[in-house]
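Take these sequences, add in the hints, and give me the full structure.
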Amino acid sequence: MHATVLTYAVASLIVVAQSALVLSQEPTATTSAATQQASTPTRSVGSDTIRFGGRTIAAGDTVNGPVLAAAGDLRVRGVIRGTAVAVAGDIIVENGGTITGDAIAILGNVVTVQGTVGGASRNYSRSFSWLEGVEQPATRRATGDAMSLSLGWLVVMLLVGIGVLIFASAYLDGVSDVLEQNFSRSFLVGIAGELGMIPALILVCAALAVTVVGILLIPFAIVAYVLAVMGFLTLGFLAVARLAGGGFGAARGEEKGKALRGLVIGIAIFMGLWVLAAAFQWSPAVSTVLRMIAMAVTWVAATAGFGAAILSRGGTNRDAAKKAPVDESASWQTPTPITGVAAARKPVRT
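At position 94 of the sequence shown the residue is numbered 888 (this note's numbering), and the sequence of numbers has no breaks.
No wet-lab data here; the hints were simulated from the structure. Watch out, some of these pointers could steer you wrong.
Simulated DEER-style distance windows between Cβ atoms [as the list claims (entries may be wrong)]:
#: 1; residue 1: N1111; residue 2: A1015; range: 22 to 28 Å
#: 2; residue 1: G1051; residue 2: F1014; range: 38 to 44 Å
#: 3; residue 1: V1091; residue 2: V998; range: 44 to 50 Å
#: 4; residue 1: T1092; residue 2: G848; range: 25 to 31 Å
Dumping the calculated EDC-like pairs for lysine to aspartate or glutamate here, alpha-carbon to alpha-carbon at most 20 Å [claimed, not checked]:
#: 5; residue 1: K1052; residue 2: D971
#: 6; residue 1: K1052; residue 2: E974
#: 7; residue 1: K1050; residue 2: E974
#: 8; residue 1: K1050; residue 2: D971
#: 9; residue 1: K1050; residue 2: D967
#: 10; residue 1: K1052; residue 2: D967
Think of the CB as a built atom: it goes at the ideal place given N, C-alpha and C, for glycine as much as any other residue.
Next up, the structure:
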(Lines of atoms letter the chains of each structure in order from A and count residues from 1; the text may use other names and numbers.)
(Lines give C-alpha, C1' and ligand atoms only; values in the text may rest on other atoms or scores of the structure.)
Protein backbone atom coordinates (compact mmCIF):
# COMPACT_ATOMS: atom_id res chain seq x y z
CA MET A 1 0.00 0.00 0.00
CA HIS A 2 2.80 2.39 0.85
CA ALA A 3 4.57 1.57 -2.41
CA THR A 4 1.40 2.33 -4.39
CA VAL A 5 0.88 5.66 -2.68
CA LEU A 6 4.55 6.54 -3.22
CA THR A 7 4.30 5.68 -6.93
CA TYR A 8 1.25 7.88 -7.40
CA ALA A 9 2.93 10.68 -5.45
CA VAL A 10 6.00 10.51 -7.67
CA ALA A 11 3.81 10.50 -10.76
CA SER A 12 1.94 13.57 -9.51
CA LEU A 13 5.19 15.41 -8.86
CA ILE A 14 6.39 14.58 -12.35
CA VAL A 15 3.14 15.83 -13.85
CA VAL A 16 3.27 19.09 -11.92
CA ALA A 17 6.94 19.64 -12.72
CA GLN A 18 6.52 18.94 -16.42
CA SER A 19 3.44 21.16 -16.65
CA ALA A 20 5.24 24.04 -14.95
CA LEU A 21 8.24 23.62 -17.23
CA VAL A 22 6.08 23.67 -20.36
CA LEU A 23 4.15 26.75 -19.20
CA SER A 24 7.28 28.67 -18.24
CA GLN A 25 9.54 27.86 -21.19
CA GLU A 26 7.16 27.51 -24.13
CA PRO A 27 4.46 30.19 -23.93
CA THR A 28 4.58 30.73 -27.66
CA ALA A 29 4.02 27.08 -28.47
CA THR A 30 1.13 26.94 -26.02
CA THR A 31 -0.46 30.02 -27.54
CA SER A 32 -0.08 28.68 -31.06
CA ALA A 33 -1.54 25.33 -30.04
CA ALA A 34 -4.48 27.10 -28.42
CA THR A 35 -5.01 29.20 -31.54
CA GLN A 36 -4.90 26.12 -33.75
CA GLN A 37 -7.35 24.33 -31.45
CA ALA A 38 -9.73 27.27 -31.58
CA SER A 39 -9.67 27.33 -35.38
CA THR A 40 -10.23 23.57 -35.71
CA PRO A 41 -13.75 22.30 -34.90
CA THR A 42 -13.23 19.55 -32.32
CA ARG A 43 -15.17 18.31 -29.31
CA SER A 44 -13.64 19.32 -25.98
CA VAL A 45 -14.28 16.91 -23.11
CA GLY A 46 -12.72 19.02 -20.38
CA SER A 47 -10.10 17.70 -17.99
CA ASP A 48 -10.14 14.41 -16.09
CA THR A 49 -6.73 14.17 -14.47
CA ILE A 50 -6.71 10.69 -12.88
CA ARG A 51 -8.39 7.57 -14.22
CA PHE A 52 -7.89 4.05 -12.85
CA GLY A 53 -8.02 0.96 -15.03
CA GLY A 54 -6.90 2.56 -18.27
CA ARG A 55 -8.34 5.23 -20.54
CA THR A 56 -8.97 5.94 -24.22
CA ILE A 57 -9.07 9.41 -25.76
CA ALA A 58 -11.40 8.95 -28.70
CA ALA A 59 -10.73 10.42 -32.13
CA GLY A 60 -12.00 13.99 -32.37
CA ASP A 61 -11.87 14.57 -28.59
CA THR A 62 -9.60 17.10 -26.94
CA VAL A 63 -8.60 16.76 -23.28
CA ASN A 64 -6.77 19.39 -21.26
CA GLY A 65 -3.84 17.85 -19.43
CA PRO A 66 -2.19 16.73 -17.36
CA VAL A 67 -3.79 13.27 -17.78
CA LEU A 68 -2.84 10.32 -15.53
CA ALA A 69 -3.93 6.71 -16.18
CA ALA A 70 -3.16 4.21 -13.40
CA ALA A 71 -3.12 0.39 -13.63
CA GLY A 72 -3.96 0.40 -17.32
CA ASP A 73 -3.02 1.63 -20.77
CA LEU A 74 -3.61 5.18 -22.01
CA ARG A 75 -4.68 5.10 -25.67
CA VAL A 76 -4.63 8.44 -27.46
CA ARG A 77 -6.63 8.77 -30.66
CA GLY A 78 -7.58 12.40 -30.15
CA VAL A 79 -5.64 15.31 -28.64
CA ILE A 80 -4.20 15.74 -25.14
CA ARG A 81 -3.21 19.36 -24.54
CA GLY A 82 -0.51 18.90 -21.96
CA THR A 83 1.40 16.05 -20.32
CA ALA A 84 0.25 12.43 -20.38
CA VAL A 85 1.35 9.97 -17.67
CA ALA A 86 0.67 6.24 -17.35
CA VAL A 87 1.48 4.30 -14.15
CA ALA A 88 1.70 0.49 -14.49
CA GLY A 89 0.61 0.75 -18.10
CA ASP A 90 1.59 1.95 -21.57
CA ILE A 91 0.91 5.13 -23.50
CA ILE A 92 -0.17 4.24 -27.04
CA VAL A 93 -0.47 7.19 -29.43
CA GLU A 94 -2.42 5.80 -32.36
CA ASN A 95 -3.01 7.18 -35.85
CA GLY A 96 -4.29 10.74 -35.58
CA GLY A 97 -3.49 10.99 -31.87
CA THR A 98 -1.51 13.95 -30.51
CA ILE A 99 0.08 14.77 -27.17
CA THR A 100 1.23 18.38 -27.10
CA GLY A 101 3.31 17.89 -23.96
CA ASP A 102 5.49 15.06 -22.68
CA ALA A 103 4.53 11.37 -22.59
CA ILE A 104 5.74 9.67 -19.40
CA ALA A 105 5.28 5.94 -18.73
CA ILE A 106 6.08 4.60 -15.24
CA LEU A 107 6.34 0.79 -15.23
CA GLY A 108 5.37 0.89 -18.88
CA ASN A 109 6.37 2.09 -22.33
CA VAL A 110 5.50 4.89 -24.75
CA VAL A 111 4.42 3.54 -28.13
CA THR A 112 3.67 5.83 -31.07
CA VAL A 113 1.67 4.25 -33.88
CA GLN A 114 1.61 7.02 -36.52
CA GLY A 115 0.88 9.49 -33.75
CA THR A 116 2.77 12.56 -32.56
CA VAL A 117 4.21 13.57 -29.22
CA GLY A 118 5.10 17.25 -29.01
CA GLY A 119 7.35 16.91 -25.98
CA ALA A 120 9.70 14.18 -24.79
CA SER A 121 8.85 10.50 -24.48
CA ARG A 122 10.18 9.01 -21.26
CA ASN A 123 10.04 5.40 -20.00
CA TYR A 124 10.77 4.70 -16.34
CA SER A 125 10.66 0.91 -16.59
CA ARG A 126 14.22 0.34 -17.79
CA SER A 127 15.53 0.57 -14.25
CA PHE A 128 13.72 -2.71 -13.55
CA SER A 129 15.72 -5.47 -15.21
CA TRP A 130 12.84 -7.96 -15.11
CA LEU A 131 10.82 -5.69 -17.42
CA GLU A 132 13.43 -5.36 -20.14
CA GLY A 133 13.02 -7.23 -23.37
CA VAL A 134 9.27 -7.73 -23.03
CA GLU A 135 7.64 -7.62 -26.44
CA GLN A 136 4.20 -6.24 -27.31
CA PRO A 137 3.81 -3.95 -24.29
CA ALA A 138 0.31 -2.95 -25.42
CA THR A 139 -1.04 -6.47 -24.82
CA ARG A 140 1.05 -7.25 -21.74
CA ARG A 141 -0.65 -7.35 -18.37
CA ALA A 142 1.26 -5.64 -15.61
CA THR A 143 2.89 -8.03 -13.16
CA GLY A 144 1.79 -5.88 -10.26
CA ASP A 145 -1.86 -6.20 -11.27
CA ALA A 146 -1.60 -9.98 -11.54
CA MET A 147 0.08 -10.18 -8.14
CA SER A 148 -2.58 -7.97 -6.57
CA LEU A 149 -5.35 -10.12 -8.03
CA SER A 150 -3.85 -13.42 -6.86
CA LEU A 151 -2.99 -12.10 -3.40
CA GLY A 152 -6.49 -10.68 -3.12
CA TRP A 153 -8.01 -14.09 -3.84
CA LEU A 154 -5.65 -15.63 -1.30
CA VAL A 155 -6.90 -13.25 1.38
CA VAL A 156 -10.54 -13.85 0.37
CA MET A 157 -10.15 -17.63 0.58
CA LEU A 158 -8.46 -17.33 3.97
CA LEU A 159 -11.30 -15.20 5.30
CA VAL A 160 -13.95 -17.54 3.88
CA GLY A 161 -12.13 -20.59 5.25
CA ILE A 162 -11.83 -19.13 8.73
CA GLY A 163 -15.51 -18.14 8.65
CA VAL A 164 -16.57 -21.66 7.63
CA LEU A 165 -14.32 -23.17 10.29
CA ILE A 166 -15.91 -20.99 12.97
CA PHE A 167 -19.58 -21.08 11.97
CA ALA A 168 -19.90 -24.34 10.01
CA SER A 169 -17.15 -26.60 11.31
CA ALA A 170 -19.52 -29.59 11.59
CA TYR A 171 -20.29 -29.50 7.86
CA LEU A 172 -16.60 -29.09 7.03
CA ASP A 173 -15.80 -32.11 9.21
CA GLY A 174 -18.42 -34.18 7.40
CA VAL A 175 -16.97 -33.41 3.97
CA SER A 176 -13.43 -33.98 5.26
CA ASP A 177 -14.36 -37.43 6.61
CA VAL A 178 -15.75 -38.51 3.25
CA LEU A 179 -12.64 -37.24 1.48
CA GLU A 180 -10.32 -39.00 3.88
CA GLN A 181 -12.07 -42.35 3.48
CA ASN A 182 -13.07 -42.28 -0.22
CA PHE A 183 -10.98 -39.78 -2.15
CA SER A 184 -11.11 -41.64 -5.48
CA ARG A 185 -14.86 -42.13 -5.23
CA SER A 186 -15.29 -38.45 -4.33
CA PHE A 187 -13.25 -37.45 -7.38
CA LEU A 188 -15.37 -39.58 -9.72
CA VAL A 189 -18.60 -38.29 -8.22
CA GLY A 190 -17.25 -34.75 -8.57
CA ILE A 191 -16.63 -35.25 -12.29
CA ALA A 192 -20.14 -36.63 -12.70
CA GLY A 193 -21.54 -33.69 -10.75
CA GLU A 194 -19.70 -31.16 -12.92
CA LEU A 195 -20.98 -32.81 -16.09
CA GLY A 196 -24.53 -32.93 -14.76
CA MET A 197 -24.80 -29.37 -13.42
CA ILE A 198 -26.33 -27.88 -16.58
CA PRO A 199 -28.71 -30.81 -17.30
CA ALA A 200 -29.88 -30.78 -13.68
CA LEU A 201 -30.62 -27.06 -13.90
CA ILE A 202 -32.57 -27.60 -17.13
CA LEU A 203 -34.62 -30.37 -15.49
CA VAL A 204 -35.41 -28.14 -12.51
CA CYS A 205 -36.55 -25.32 -14.77
CA ALA A 206 -38.62 -27.72 -16.89
CA ALA A 207 -40.31 -29.14 -13.79
CA LEU A 208 -41.18 -25.66 -12.56
CA ALA A 209 -42.49 -24.58 -15.95
CA VAL A 210 -45.37 -27.04 -15.72
CA THR A 211 -47.43 -24.71 -13.51
CA VAL A 212 -47.98 -20.96 -13.61
CA VAL A 213 -46.68 -20.50 -10.07
CA GLY A 214 -43.61 -22.56 -10.95
CA ILE A 215 -42.82 -20.30 -13.91
CA LEU A 216 -42.67 -17.33 -11.55
CA LEU A 217 -40.29 -19.25 -9.29
CA ILE A 218 -37.81 -20.13 -12.05
CA PRO A 219 -35.54 -17.05 -11.52
CA PHE A 220 -35.37 -17.72 -7.79
CA ALA A 221 -34.68 -21.40 -8.42
CA ILE A 222 -31.79 -20.54 -10.75
CA VAL A 223 -30.23 -18.22 -8.16
CA ALA A 224 -30.68 -20.79 -5.39
CA TYR A 225 -29.20 -23.54 -7.59
CA VAL A 226 -26.14 -21.45 -8.46
CA LEU A 227 -25.61 -20.53 -4.81
CA ALA A 228 -25.90 -24.18 -3.76
CA VAL A 229 -23.35 -25.29 -6.38
CA MET A 230 -20.93 -22.54 -5.38
CA GLY A 231 -21.39 -23.44 -1.73
CA PHE A 232 -20.66 -27.11 -2.39
CA LEU A 233 -17.57 -26.22 -4.44
CA THR A 234 -16.25 -23.85 -1.79
CA LEU A 235 -16.94 -26.26 1.07
CA GLY A 236 -15.30 -29.12 -0.81
CA PHE A 237 -12.24 -27.08 -1.76
CA LEU A 238 -11.76 -25.96 1.84
CA ALA A 239 -12.03 -29.57 3.00
CA VAL A 240 -9.31 -30.63 0.54
CA ALA A 241 -7.13 -27.71 1.61
CA ARG A 242 -7.60 -28.66 5.25
CA LEU A 243 -6.54 -32.27 4.63
CA ALA A 244 -3.58 -31.19 2.47
CA GLY A 245 -2.39 -28.66 5.03
CA GLY A 246 -2.90 -31.07 7.91
CA GLY A 247 -0.05 -33.22 6.63
CA PHE A 248 2.38 -30.30 6.97
CA GLY A 249 1.19 -28.98 10.32
CA ALA A 250 2.35 -30.07 13.75
CA ALA A 251 0.52 -32.92 15.43
CA ARG A 252 0.36 -31.32 18.88
CA GLY A 253 -2.26 -28.84 19.98
CA GLU A 254 -6.01 -28.74 20.32
CA GLU A 255 -8.32 -29.97 17.60
CA LYS A 256 -9.48 -26.47 16.66
CA GLY A 257 -5.92 -25.20 16.53
CA LYS A 258 -4.82 -28.09 14.30
CA ALA A 259 -7.82 -27.59 12.03
CA LEU A 260 -7.11 -23.88 11.66
CA ARG A 261 -3.41 -24.46 11.05
CA GLY A 262 -4.09 -27.13 8.45
CA LEU A 263 -6.68 -24.98 6.68
CA VAL A 264 -4.39 -21.95 6.47
CA ILE A 265 -1.44 -24.03 5.23
CA GLY A 266 -3.60 -25.83 2.66
CA ILE A 267 -5.08 -22.61 1.25
CA ALA A 268 -1.59 -21.10 1.11
CA ILE A 269 -0.35 -24.14 -0.85
CA PHE A 270 -3.12 -24.09 -3.46
CA MET A 271 -3.38 -20.32 -3.86
CA GLY A 272 0.39 -19.94 -3.65
CA LEU A 273 0.63 -21.63 -7.05
CA TRP A 274 -1.42 -18.81 -8.55
CA VAL A 275 0.69 -16.20 -6.79
CA LEU A 276 3.83 -17.83 -8.17
CA ALA A 277 2.37 -17.80 -11.69
CA ALA A 278 1.49 -14.11 -11.29
CA ALA A 279 5.03 -13.33 -10.15
CA PHE A 280 6.33 -14.60 -13.52
CA GLN A 281 3.76 -12.64 -15.54
CA TRP A 282 6.61 -10.81 -17.27
CA SER A 283 7.70 -14.13 -18.85
CA PRO A 284 4.83 -15.51 -20.98
CA ALA A 285 6.33 -19.01 -21.31
CA VAL A 286 7.05 -19.53 -17.59
CA SER A 287 3.77 -17.91 -16.56
CA THR A 288 1.78 -20.15 -18.91
CA VAL A 289 3.38 -23.34 -17.57
CA LEU A 290 2.88 -22.30 -13.94
CA ARG A 291 -0.69 -21.24 -14.62
CA MET A 292 -1.50 -24.59 -16.23
CA ILE A 293 -0.05 -26.42 -13.20
CA ALA A 294 -2.02 -24.23 -10.80
CA MET A 295 -5.21 -24.75 -12.83
CA ALA A 296 -4.78 -28.55 -12.91
CA VAL A 297 -4.08 -28.82 -9.17
CA THR A 298 -6.97 -26.51 -8.30
CA TRP A 299 -9.35 -28.42 -10.58
CA VAL A 300 -8.46 -31.77 -8.99
CA ALA A 301 -8.93 -30.34 -5.49
CA ALA A 302 -12.22 -28.61 -6.34
CA THR A 303 -13.59 -31.68 -8.17
CA ALA A 304 -12.76 -34.10 -5.37
CA GLY A 305 -14.16 -31.71 -2.78
CA PHE A 306 -17.32 -31.18 -4.83
CA GLY A 307 -17.86 -34.93 -5.03
CA ALA A 308 -17.34 -35.32 -1.28
CA ALA A 309 -19.82 -32.52 -0.63
CA ILE A 310 -22.38 -34.31 -2.82
CA LEU A 311 -21.80 -37.66 -1.11
CA SER A 312 -22.07 -36.13 2.34
CA ARG A 313 -25.00 -33.91 1.33
CA GLY A 314 -23.12 -30.79 2.23
CA GLY A 315 -21.53 -32.36 5.30
CA THR A 316 -24.83 -33.34 6.89
CA ASN A 317 -24.53 -37.09 6.15
CA ARG A 318 -21.34 -38.25 7.82
CA ASP A 319 -22.37 -41.92 7.50
CA ALA A 320 -21.19 -41.85 3.89
CA ALA A 321 -17.62 -42.05 5.17
CA LYS A 322 -18.25 -45.20 7.20
CA LYS A 323 -17.62 -48.63 5.73
CA ALA A 324 -20.12 -51.44 6.12
CA PRO A 325 -19.12 -53.83 8.94
CA VAL A 326 -17.94 -57.29 7.86
CA ASP A 327 -18.76 -60.39 9.90
CA GLU A 328 -15.37 -62.10 9.97
CA SER A 329 -16.64 -65.07 12.01
CA ALA A 330 -18.78 -66.30 9.13
CA SER A 331 -15.72 -66.89 6.94
CA TRP A 332 -14.39 -69.50 9.39
CA GLN A 333 -17.59 -71.49 9.67
CA THR A 334 -17.01 -73.61 6.57
CA PRO A 335 -18.64 -77.05 6.18
CA THR A 336 -15.47 -78.49 4.61
CA PRO A 337 -12.09 -78.16 6.40
CA ILE A 338 -9.40 -76.21 4.53
CA THR A 339 -5.95 -77.75 4.23
CA GLY A 340 -3.93 -76.75 7.26
CA VAL A 341 -6.87 -75.02 8.95
CA ALA A 342 -9.30 -76.78 11.26
CA ALA A 343 -12.93 -76.13 10.50
CA ALA A 344 -14.74 -74.13 13.18
CA ARG A 345 -17.63 -75.82 14.84
CA LYS A 346 -20.89 -73.96 14.44
CA PRO A 347 -22.67 -73.07 17.64
CA VAL A 348 -25.42 -75.46 18.63
CA ARG A 349 -28.58 -74.11 20.13
CA THR A 350 -29.74 -75.89 23.29
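Hint check results:
The hint said 22 to 28 Å for the Cβ distance between N1111 and A1015, and at roughly 23 Å that hint holds. Between G1051 and F1014, the C-beta spacing of about 41 Å keeps the proposed range 38 to 44 Å intact. For the pair V1091 and V998, the supplied restraint of 44 to 50 Å is violated, since their beta-carbon distance comes to about 32 Å. A hinted range of 25 to 31 Å holds for the C-beta pair T1092 and G848, which are about 28 Å apart.
Proposed proximity of K1052 and D971 is supported: the alpha carbons are some 15 Å apart, at most 20 Å. A hinted pair counts as satisfied when its Cα atoms are at most 20 Å apart, and K1052 with E974 qualifies at roughly 16 Å. For the given pair, K1050 sits about 18 Å from E974 by alpha-carbon distance, which is consistent with the 20 Å threshold. For the hint pairing K1050 with D971, the CA-to-CA distance comes to about 16 Å; that is within 20 Å, so the pair holds.
Taken as a hint, the K1050 and D967 pair is honoured in the structure, with Cα atoms around 11 Å apart against an allowance of 20 Å. With a CA separation close to 13 Å, the supplied pair K1052 and D967 stays within the 20 Å bound.
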